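*Asks:* Sequence:
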Amino acid sequence: GSAIAREEGEVDWRCTGGLFCGAQRKEAMLHFAGRRAMDIEGLGGKLVDQLVDGGIVRTLPELYKLGVAKFAALERMADKSAANLVAAIEKSKRTTLARFLYALGIRHVGESTAKDLAKHFGKLDAIMDASVEQLLEVYDVGPVVAQSIRTFFDQPHNREVAEQLRAAGVHWDEHEGSQRKAGPQPLAGKTLVLTGSLPTLTRDEAKGLIEGAGGKVTGSVSKKTDYVVAGEEAGSKLDKARELGVTVLDEDGLRALLATLQ
DNA sequence: TGCGAAAGAGTGCTTACGTG
DNA sequence: CACGTAAGCACTCTTTCGCA
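For the first sequence, the numbering used here gives the first residue as -2, with consecutive numbering after it.
Since the hints were derived computationally from the structure, they do not count as laboratory data.
All the given hints hold, so there is nothing to weed out.
In the DSBU-like style, the derived pairs of lysine-lysine whose C-alpha atoms are separated by at most 30 Å in a straight line are: (1) Lys237 <-> Lys112; (2) Lys204 <-> Lys120; (3) Lys43 <-> Lys88; (4) Lys62 <-> Lys120; (5) Lys116 <-> Lys204; (6) Lys120 <-> Lys187; (7) Lys116 <-> Lys221.
Computed Cβ-Cβ distance ranges for the label pairs, DEER-style: (8) Asp46 <-> Ser217: 32 to 42 Å; (9) His28 <-> Asp122: 21 to 31 Å; (10) His154 <-> Lys88: 22 to 32 Å; (11) Glu229 <-> Gln144: 36 to 46 Å; (12) Arg73 <-> Val129: 42 to 52 Å; (13) Ala85 <-> Glu108: 16 to 26 Å; (14) Glu208 <-> Ala80: 34 to 44 Å; (15) Ile53 <-> Lys116: 29 to 39 Å.
On a predicted model such as this, the values are computed, not experimentally measured, just so you know.
Even glycine gets a Cβ: it sits at the ideal position worked out from N, Cα and C.
Please model the entire structure based on the sequences and the hints provided.
*Replies:* Right, dumping it as structure tokens:
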């Protein structure tokens, strides 16, 4: 088994074995396959149960070695589903460093921090080898997160998994951070919150547009929020915006803002 | 061929807590 | 302490297929 440790001040004990720990393997795999991580369509809870319980997959890299036959033999799987799954796994090989980092499931490293890390270091090896001091230089990374990343990559098997995944064909553009061609940045320094469903944009698309314009999308409304973009069935965030006197926009309003040059 | 399980998709909401 | 992130649950509706 792996080490079990409790971080200072934390209430719960948790295994620090990460990707190697049996008790966490299912959750790790589900997270890995998740839409916002490696985005492997078709790999859900029931399938992960079968794969792990049946001893078919012990580590994440093994996922990339399974063929149609292995999957087709599972419950509720036949040729069609198995082929789709294999194709989805194949497709997931092409990813980004940020997604890959997030997919590893490092404690305290969510989507946002993964992006910050990818942007700051650019290369996986640089992150795996970074000292706590070097990690602290990353925007929004403090002592807790820095130590968590260090601890994760200090486990040899976690490193191995990362390397084996790359060996299995998982890859990304090494310079994704630096290649951002900065167009006009009308929303530079602005913080926006999205709520409800917009007529033609999904949450992700809207977020992409805003970030492309230099803006930041957060999840909660505060005094520092510049705009709340509200759509159909907006929730309590809209109420909060009104309460704090934050400017509320609809989709057209957002588009007008994005079109503002300079 | 139709039923239903599993997963996808898009969202709201809440708690805990790390950072500055 | 204020703010924002991480992490997770609940909900609803849709899509995809295995299987009877």
